[in-house]
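The residues making up each chain are set out below.
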Amino acid sequence: MSPMVGALSLLLVILAGLAVLPFFGSGYVVSFSIQVFMWMALAGSWNLISGFTGYVSFGHVAFFGVGAYTGALLITKAGWHWLLAGLAGSLPAAALALVIGYPCLRLKGPYFAIAMLGLNEVVRALVSYFEGFTGGGSGVSLPPILSIVPVYYAMGAVAMAVTLLTYRIITCQFGLRLLSIREDEMAAEVMGINTARLKLYAFLLSAVFPGIVGGFYAWYASHVEPLSVFPLLTTITMIIMCLFGGKGTVFGPVLGAGLLSVFQELVWARFLFVHQAIFGALIVGVVLLMPRGILGVLQERYRLPRTI
Amino acid sequence: MKRHWFGALLVAAMVAGLATSPAAQELKVGASISLTGTYAKPGKYTQEGYLLCEKEINDKGGLLGRKVRFIIYDDKSEPPTAIKLYEKLITEDKVELVLGPYSSPVTNAASTVSEKYKKLMMATLAATTSIWERGFKYLVMTISPAEVYLEGLVDLAVERGLKTIAVINEDTLFSKAAAKGTIELAKKKGVQVVFHEAYPKGTTDFSALLIKIKSLNPDVIAAGSYFDDAVATTRQMKELDVNPRMYGVTVGGDLPEFYQLLGKTAEFVYGSSQWEKSLPYPGIKEFVANYEKMWNREPVYHSAAAYGGCQIYAEAVRRANSLDSDKLREQLLKLKVSTAFGDYQVDERGFQIAHKMVLHQWQDGKKVTVWPAAVAEGKPLYPTPPWQRR
Amino acid sequence: MTSVQITGTMLFQLVVSGLLAGGLYALVALGLSLIFGVMRVINIAHGTLLMLGAYTTYWLFALAGMNPFVSLVVSIPILFVVGAILQKLFVHRVVNAPELSSLLLTFGISIFIANVAMLAWSADYRSVEFLTGSFLLGPIALSKPRLVSFCVALALTGLAFVFLHRTKTGKAIRATSQHRDVAQVCGINVRRIDLITFGLGAALAGAGGSLVSVMFAVYPEMGQVYVFKSFLVIVLGGAGNYPGAFFGGLLLGLVEGLASLFLTAQLSEVIAYILLVIVLLVRPTGLLGGRA
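Chains as they are written, first to last, in our numbering: chain W, 1 to 308; chain C, 1001 to 1390; chain H, 2001 to 2292.
Keep in mind that the hints were calculated from the coordinates and are not lab data. You may find that some hints are simply not true.
Claimed, not checked - SDA-like, lysine to any residue: derived pairs with alpha carbons at most 25 Å apart:
{"#": "1", "chain 1": "H", "residue 1": "K2144", "chain 2": "C", "residue 2": "F1268"}
{"#": "2", "chain 1": "C", "residue 1": "K1084", "chain 2": "W", "residue 2": "L259"}
{"#": "3", "chain 1": "C", "residue 1": "K1084", "chain 2": "W", "residue 2": "V267"}
{"#": "4", "chain 1": "W", "residue 1": "K108", "chain 2": "H", "residue 2": "T2285"}
{"#": "5", "chain 1": "C", "residue 1": "K1137", "chain 2": "W", "residue 2": "P150"}
As the list claims (entries may be wrong) - Distance windows between CB atoms, simulated:
{"#": "6", "chain 1": "H", "residue 1": "L2063", "chain 2": "W", "residue 2": "P150", "range": "51 to 61 Å"}
{"#": "7", "chain 1": "W", "residue 1": "V297", "chain 2": "C", "residue 2": "Y1117", "range": "37 to 47 Å"}
{"#": "8", "chain 1": "H", "residue 1": "K2088", "chain 2": "W", "residue 2": "L233", "range": "26 to 36 Å"}
{"#": "9", "chain 1": "W", "residue 1": "P103", "chain 2": "C", "residue 2": "Q1363", "range": "55 to 65 Å"}
{"#": "10", "chain 1": "W", "residue 1": "P150", "chain 2": "C", "residue 2": "Q1363", "range": "57 to 67 Å"}
{"#": "11", "chain 1": "H", "residue 1": "L2063", "chain 2": "C", "residue 2": "S1338", "range": "40 to 50 Å"}
{"#": "12", "chain 1": "W", "residue 1": "K77", "chain 2": "C", "residue 2": "R1160", "range": "40 to 50 Å"}
{"#": "13", "chain 1": "C", "residue 1": "K1379", "chain 2": "H", "residue 2": "P2077", "range": "52 to 62 Å"}
Claimed, not checked - Which bits of chain W does chain H cover? Going by a derived footprint, with three or more residues having C-beta under 8 Å, they are:
{"#": "14", "stretch": "53 to 59"}
{"#": "15", "stretch": "111 to 124"}
Just so it is clear, the structure is predicted and the values come from calculations on it, not from any experiment. The beta-carbon is built from N, C-alpha and C at its ideal position, and this holds for glycine as well.
Just chain W, with the same shape it has in the complex (with noise of 0.2 Å):
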């Protein structure tokens, strides 16, 4: 058996395993699940811009808060079904992606992660204001939710679909190219490759799924506002996640999303007061340590393939 096959199928096992566990799971188990879906589709979409291009979106969660306003208020005002609403958040988030992508992606460096970081702050503080329509700073309160079983189906189609889309794009010319803009834009420019574009590209996708993530966690967490659904710490949550497993790689986000999850839920439960802090520790520790992820180095030392 070959490791390409023998691969393949501790997927198809692990897919099945995840296919079938509702029916055996407590609804503790289900819910936790979704949350680890949910990071694995966030990170995922980080991965897109970020890892590939080296552009640091530092306010990545604003696409997850549209989303979820979307989602809320179609359910809530339209009646729309949650699948439905869920999924038209991509809408507003690839737009809001490309009304702020078209100007600031020309800025260079830390810049862009700082006009990043303020949209975030914008986006807040506008749904806050026109609370006529969003509520402002109470939120909106969907009907509470009688199963989480579809939602933990939906979120995992997500998360798969993020992945089966970064291993296109790392498949493709659009990927190497995405990858010439992370290792030398001006030298990707001069060899004529229109960096300006594929960098919206990837940006607009990047976009697309964590507004979809948002609505369905509008109706799974039957309640929204402003500073439920645009943290900075959610940012930096898939930002870090992306960075442990190893950002640029196929299963980096899903890996570190895992783990990660894993690591949160136990540190929370035992030492609810400081699992903060230790998040702190996490992050300087990844940073300073293993800057390349878990994939990155195995990559390195094992000359794994690219696409993993």
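Given chain W, put chains C and H in place with the hints provided.
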């Protein structure tokens, strides 16, 4: 041989454990409270009220023959944290009854969890009407709604022929509802609302807001506030020399800490309250005495509401003789009682309709109840003198 | 209801309080600007260092009754040492790494310190009730704590400039920020300059915190807003342009004050942001000129 002996002991211990557990098992009651963060001051009083209630229930032999044990976590005044904590309380700690957290925003979020797991939440310190307009089945209210918090201030202003009012509020659930209610009351009674603006939670600099108000020179300023913002606004009104003839706040103004922090600056400030210890409610003297004995400080309305709500919940458990949420709900909707906290009666939504508010003013370092006339301890000192002449 | 009649007095009052706030922004931003100029590191932990300065003042005031302005002589050296330790242990490792590393690293440090502070001192809002009330100039009210803080902030900013221009170390800092490699070739110990710069930046943040504590509440997350604002000031003034940071600070205070006149406090944040993006796109060297 040695191993057998150990195993036998283990089995014996387990059998003993099983045999004694069902009857003697504690009845766990869960809640999250804002012990730190922006709502920490009133949050701590809430916790003290709960713990006094726990002690008294146990002193009287517990509930349904079981000792009760309260599990209380700190939600840091953040609704998302409260959601996680109630999940943990219900699914991991397996509490059998849930009490509400402190504040409307936190209750609004946390109740989605209790509703999901069909646990009846006795919301002791949530005052916002909209929380009960979501059609939740397992949520019962203890205190008067936010909308009437400043009714006394508006009433007194009308009595004195004042014409204009400026309203500010924190942009969160309760404060918004309080401001909206105040504006509606003012309009109904012919007071002109000349200014209304909300500020985000966590604001510390109110200068721009106050400068705008100052230029309008309104007769009354009403603030839909919590403790920290009430302190900051009062202080900055002095710094910017803003001089209304009456100035009232919703929450925060009733806490002793308000005066301790601000000193003379707090003089003449009106504050609304759900409860004062001078009120003629049954059992109020004993409650105040027991509270002071346990905590070495006077109770405030947050303590009394937490205590009262908890006692009413316990009474419902006794009457239902069950912990089943539907049976508890049935009892709580039927119940009509007066406790040390005042009157209790709810409509079919679980919304409070019997409890009453009071308004007090800081006079010489003391809180004096000035409204409604029937229970007033003194007359309001009117008008509030300008800062430069104090 | 929200359409408030704008009067001359009101305008003047807002300009005054905007400038008073701006003086403080300038002080805090100068610290961030120094670090950014020398190392190209955006110190996200800058606000957390400000918080530590504020708590230093708060505790000295609450426990020992020390005058908050006098407590600067304690908070400045303490924060200098904290900054130097952070540089020595962590930040120097990411000076030449991609910006993601330094952003994340300083963010990690920031939430670590903020949460330890929360464990140690709780998340309660505390205040230093030292100066209250105002001086009245006709219809204009000058808040006493803000006026005094403003003056102290100006004095400290002035001192920092004297240090940068008159002392050998100060000149070395400026040289390093102008051209790191050339400075090194000229015999400047760049590692040592990095250490001093980070210490100095932290000390300025700490001083800012001490001054903020007499005006606003002190709590573990109080510094967050200052990071973004300081960066805005740097962008307005031009990166690497230290006097620019001073005028940028005043300008930001003014813009915020005036924006809040026409809009609510929440929306003035949006204006500040749009300003940031426009300046970055149109004049990346800052309104007052600087190094691209």
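How the hints compare with the structure:
For a cut-off of 25 Å, the pair hint linking K2144(H) to F1268(C) stands: about 22 Å separates their Cα positions. Between K1084(C) and L259(W) the CA atoms are separated by roughly 20 Å; this keeps the pair inside 25 Å, and the hint holds. Among the hinted pairs, K1084(C) with V267(W) is consistent with the structure: their alpha-carbon atoms are about 14 Å apart, no more than 25 Å. For the given pair, K108(W) sits about 13 Å from T2285(H) by alpha-carbon distance, which is consistent with the 25 Å threshold.
Our distance criterion of 25 Å between C-alpha atoms is met by K1137(C) and P150(W), whose separation comes to about 23 Å. Between L2063(H) and P150(W), the C-beta spacing of about 57 Å keeps the proposed range 51 to 61 Å intact. Take V297(W) and Y1117(C): their Cβ atoms lie about 43 Å apart, and the range 37 to 47 Å holds. Evaluation of the 26 to 36 Å hint for K2088(H) and L233(W) yields a pass: the beta carbon distance comes to about 27 Å.
Between P103(W) and Q1363(C) the C-beta distance comes to about 58 Å, which sits within the given range of 55 to 65 Å. One distance hint, 57 to 67 Å for the beta-carbon pair P150(W) and Q1363(C), holds here, with the actual separation near 60 Å. The given range of 40 to 50 Å is respected by L2063(H) and S1338(C), whose C-beta atoms sit roughly 46 Å from each other. Under the hint 40 to 50 Å, the C-beta atoms of K77(W) and R1160(C), about 43 Å apart, fit the expected range.
Restraint check, K1379(C) to P2077(H): a C-beta distance of roughly 55 Å satisfies the suggested window 52 to 62 Å. Only when three residues or more bring their CB closer than 8 Å to a CB of chain H does the claim for the stretch 53 to 59 of chain W stand; here the count is 3, and the claim holds. Residues of the stretch 111 to 124 of chain W lying with their CB closer than 8 Å to a CB of chain H number 9, which satisfies the three-residue condition for coverage.
Of the hints listed earlier, there is not a single one the structure fails to meet.
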